[in-house]
Amino acid sequence: MEMVDVDALVSKQDVLDAHDKLKSIVKHTPLEKDYYLSQKYDCNVYLKREDLQWVRSFKLRGAYYAIAQLTQDQLKNGVTCASAGNHAQGVAFTCQKLGVPATIFMPTTTPQQKVSQVKFFGGEFVEVRLTGDTFDASAYSAKKFSAEHNKTFIAPFDDANIIAGQGTVAVEMLDDLDADSCDFVFAAIGGGGLVSGVASYVKAVSPETTIIGVEPAGAPSMAKSLLAGKVVNLPKIDKFVDGAAVKQVGQLTYQHCAKLVDEVTEVDEGEVCSTILDMYTKQAIVAEPAGALSVAALNHFRQQIKGKNVICIVSGGNNDINRMQEIEERSLVFEGLKHYFIVNFPQRPGALREFVNDVLGPYDDITKFEYTKKVNRNQGPVIIGVLLQNPNDYEKLLERIAVFDPSFMPINDNQMLYTLLV
Numbered sequence: 001m002e003m004v005d006v007d008a009l010v011s012k013q014d015v016l017d018a019h020d021k022l023k024s025i026v027k028h029t030p031l032e033k034d035y036y037l038s039q040k041y042d043c044n045v046y047l048k049r050e051d052l053q054w055v056r057s058f059k060l061r062g063a064y065y066a067i068a069q070l071t072q073d074q075l076k077n078g079v080t081c082a083s084a085g086n087h088a089q090g091v092a093f094t095c096q097k098l099g100v101p102a103t104i105f106m107p108t109t110t111p112q113q114k115v116s117q118v119k120f121f122g123g124e125f126v127e128v129r130l131t132g133d134t135f136d137a138s139a140y141s142a143k144k145f146s147a148e149h150n151k152t153f154i155a156p157f158d159d160a161n162i163i164a165g166q167g168t169v170a171v172e173m174l175d176d177l178d179a180d181s182c183d184f185v186f187a188a189i190g191g192g193g194l195v196s197g198v199a200s201y202v203k204a205v206s207p208e209t210t211i212i213g214v215e216p217a218g219a220p221s222m223a224k225s226l227l228a229g230k231v232v233n234l235p236k237i238d239k240f241v242d243g244a245a246v247k248q249v250g251q252l253t254y255q256h257c258a259k260l261v262d263e264v265t266e267v268d269e270g271e272v273c274s275t276i277l278d279m280y281t282k283q284a285i286v287a288e289p290a291g292a293l294s295v296a297a298l299n300h301f302r303q304q305i306k307g308k309n310v311i312c313i314v315s316g317g318n319n320d321i322n323r324m325q326e327i328e329e330r331s332l333v334f335e336g337l338k339h340y341f342i343v344n345f346p347q348r349p350g351a352l353r354e355f356v357n358d359v360l361g362p363y364d365d366i367t368k369f370e371y372t373k374k375v376n377r378n379q380g381p382v383i384i385g386v387l388l389q390n391p392n393d394y395e396k397l398l399e400r401i402a403v404f405d406p407s408f409m410p411i412n413d414n415q416m417l418y419t420l421l422v
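Numbering (this note's numbering), first residue to last: 1 to 422.
Hint data in this document are derived by calculation from the structure and do not stem from the laboratory. Beta carbons: idealized from backbone N, C-alpha and C, even for Gly. Fair warning: there could be bad hints in the mix.
To be verified - Distance condition first, Cα-Cα at most 16 Å in a straight line; then the derived EDC-like pairs of lysine to aspartate or glutamate: (1) Lys27 with Asp175; (2) Lys143 with Asp158; (3) Lys247 with Asp405; (4) Lys308 with Asp158; (5) Lys247 with Asp136; (6) Lys247 with Asp158; (7) Lys203 with Asp262; (8) Lys203 with Asp136; (9) Lys230 with Asp136; (10) Lys236 with Asp175; (11) Lys239 with Glu127; (12) Lys27 with Asp176; (13) Lys396 with Glu370; (14) Lys306 with Glu124; (15) Lys12 with Asp133; (16) Lys27 with Asp42; (17) Lys203 with Asp158; (18) Lys236 with Asp133; (19) Lys224 with Glu263; (20) Lys308 with Asp7; (21) Lys33 with Asp183; (22) Lys239 with Asp268; (23) Lys306 with Glu127; (24) Lys33 with Asp176; (25) Lys239 with Glu266; (26) Lys114 with Asp320; (27) Lys76 with Glu124; (28) Lys368 with Glu395; (29) Lys23 with Asp183; (30) Lys282 with Asp17; (31) Lys259 with Asp7; (32) Lys259 with Glu208; (33) Lys224 with Glu266.
Claimed, not checked - DEER-style ranges, computed between Cβ atoms: (34) Pro207 with Met409: 50 to 56 Å; (35) Glu148 with Leu398: 55 to 61 Å; (36) Lys40 with Ala217: 20 to 26 Å.
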């Protein structure tokens, strides 16, 4: 296991210095007691609403503070960064505010909405370059460009000033907490900048507070690193929770988590989707997938948080409306309500009516039906989607489908078939 260099960790004073610099720049976002979640989990849940920040995420804090620490020559030469979203917006906002030229590298696959937001916040001071299909490719181009043109690269998370800036979230929320103590803090982990800064301050002010870092199950880079005792690079990740889908965390953020974070937990992407929909319908909060991670994790700690004072950091609200259909789909699959099958149908009139009458339950619904009739065949495969009202009805549905077609195939758990056919 790698030794933690305590002297390299961001201190309480570092965070307070950043807070003093940022308090007139960033929005002091509200800490709101959430009565729905408090009742649901039988505790006091407070939401730190960083989704209401000027750029709709906490990333502005670290970006502004890191850029503000540069020398006049560095500022004159300009800065660069690589980001698919929130960090880029934070850098763009800062550079427009300070009059600093910036070249921002974004993957070619970045949604146009995010590119437009970066240009909006940066105005005349920002040039956006779309390069590479992934964040890693963009980061390589940004660092290469920085070296060639003597520009300062603003790291997304693995930098002491970035960490100190993100830690100012904790200063605000502990100052605003109307309870006697804070028992738990839940914060998302992508590269680890937010949880590192928050933990640095919270553990110094309230060492008895339990800090829980939350990662998407498809990109558990910090959990895997802590388990290995060193920073590891994940060969493959699920990019759905884009604000927290990182293959490799930072060396500095790893050291903070190893020393200060009590536990790192993983949340299924489908559960994140259910949480996004729940937050929208119950609380009118528009959270991006990474922003919902902290709230989604509460369900994993029901017993531990009962009767306690809990803060969840809603880290961002940059959710593209075009993703809502996929979010709803993932939620229904995770909840065990939506299922897909390949079923052989007899090629004769009345086969579909027979399936509906004999296989579907009284409250089941067909959501997908794809079938192409083949000549000179007695049977043909059908891709069929079924929406249940109750997940407990699934086993009985399987039994009835097996009677209709003993060779049927469920495809929810077959990722390759699901991606191809659904």
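Outcome of the hint check:
Pair hint Lys27 plus Asp175 holds up; C-alpha atoms about 15 Å apart against a cutoff of 16 Å. Between Lys143 and Asp158 the CA atoms are separated by roughly 14 Å; this keeps the pair inside 16 Å, and the hint holds. Pair hint Lys247 plus Asp405 does not hold up; C-alpha atoms about 42 Å apart against a cutoff of 16 Å. Pair hint Lys308 plus Asp158 does not hold up; C-alpha atoms about 32 Å apart against a cutoff of 16 Å.
Only pairs whose Cα atoms come within 16 Å are accepted, and Lys247 paired with Asp136 is accepted, the gap being roughly 9 Å. Taking the CA atoms of Lys247 and Asp158, the gap is about 14 Å. The hint holds against a cut of 16 Å. Proximity of Lys203 to Asp262 is assessed by CA-CA distance (about 10 Å); at most 16 Å being required, the pair is judged to hold. Proximity of Lys203 to Asp136 is assessed by CA-CA distance (about 32 Å); at most 16 Å being required, the pair is judged violated.
At roughly 20 Å between alpha-carbon atoms, Lys230 and Asp136 are farther apart than 16 Å, so this suggested pair is violated. Using a Cα cut-off of 16 Å, the hinted pair Lys236 and Asp175 is violated, with the two alpha carbons roughly 40 Å apart. Restraint check for Lys239 and Glu127: not satisfied, since their Cα atoms lie roughly 25 Å apart, outside the 16 Å limit. The suggested pairing of Lys27 with Asp176 holds, with an alpha-carbon distance near 14 Å, which does not exceed 16 Å.
Of the pairs offered as hints, the one joining Lys396 and Glu370 is violated, with about 23 Å between alpha carbons and a cut-off of 16 Å exceeded. With a C-alpha separation of about 51 Å, the suggested pair Lys306 and Glu124 falls outside the 16 Å cut-off, and the hint is violated. With a CA separation close to 38 Å, the supplied pair Lys12 and Asp133 exceeds the 16 Å bound. Straight-line distance between C-alpha atoms of Lys27 and Asp42 comes to about 30 Å, which puts the hinted pair past the 16 Å bound.
For the proposed pair Lys203 and Asp158, the alpha carbon gap of about 20 Å is over 16 Å, so the pair is violated. As the CA atoms of Lys236 and Asp133 are separated by approximately 15 Å, the hinted pair is consistent with the 16 Å bound. Pair hint Lys224 plus Glu263 holds up; C-alpha atoms about 12 Å apart against a cutoff of 16 Å. Between Lys308 and Asp7, the direct Cα distance comes to roughly 33 Å. Violation of the 16 Å bound is thereby established for this hinted pair.
A hinted pair counts as satisfied when its Cα atoms are at most 16 Å apart, and Lys33 with Asp183 qualifies at roughly 14 Å. Note on Lys239 and Asp268: the hinted pairing holds, with a Cα-Cα distance of about 12 Å set against a maximum of 16 Å. For the hint pairing Lys306 with Glu127, the CA-to-CA distance comes to about 49 Å; that exceeds 16 Å, so the pair is violated. Taking the CA atoms of Lys33 and Asp176, the gap is about 11 Å. The hint holds against a cut of 16 Å.
About 15 Å separates the Cα atoms of Lys239 and Glu266, which keeps this hinted pair within 16 Å; it holds. For a cut-off of 16 Å, the pair hint linking Lys114 to Asp320 stands: about 8 Å separates their Cα positions. Taking the CA atoms of Lys76 and Glu124, the gap is near 15 Å; set against the 16 Å cutoff, the hint holds. Taking the CA atoms of Lys368 and Glu395, the gap is near 20 Å; set against the 16 Å cutoff, the hint is violated.
About 26 Å separates the Cα atoms of Lys23 and Asp183, which puts this hinted pair outside 16 Å; it is violated. With a CA separation close to 38 Å, the supplied pair Lys282 and Asp17 exceeds the 16 Å bound. With a CA separation close to 12 Å, the supplied pair Lys259 and Asp7 stays within the 16 Å bound. Straight-line distance between C-alpha atoms of Lys259 and Glu208 comes to about 14 Å, which keeps the hinted pair within the 16 Å bound.
At roughly 11 Å between alpha-carbon atoms, Lys224 and Glu266 fall within 16 Å of each other, so this suggested pair holds. At about 54 Å, the CB distance of Pro207 to Met409 agrees with the hint of 50 to 56 Å. Here the CB-CB span from Glu148 to Leu398 is close to 60 Å, well matched to the stated 55 to 61 Å. Separation of Lys40 from Ala217 is about 22 Å and conforms to the stated range, judged on CB atoms against 20 to 26 Å.
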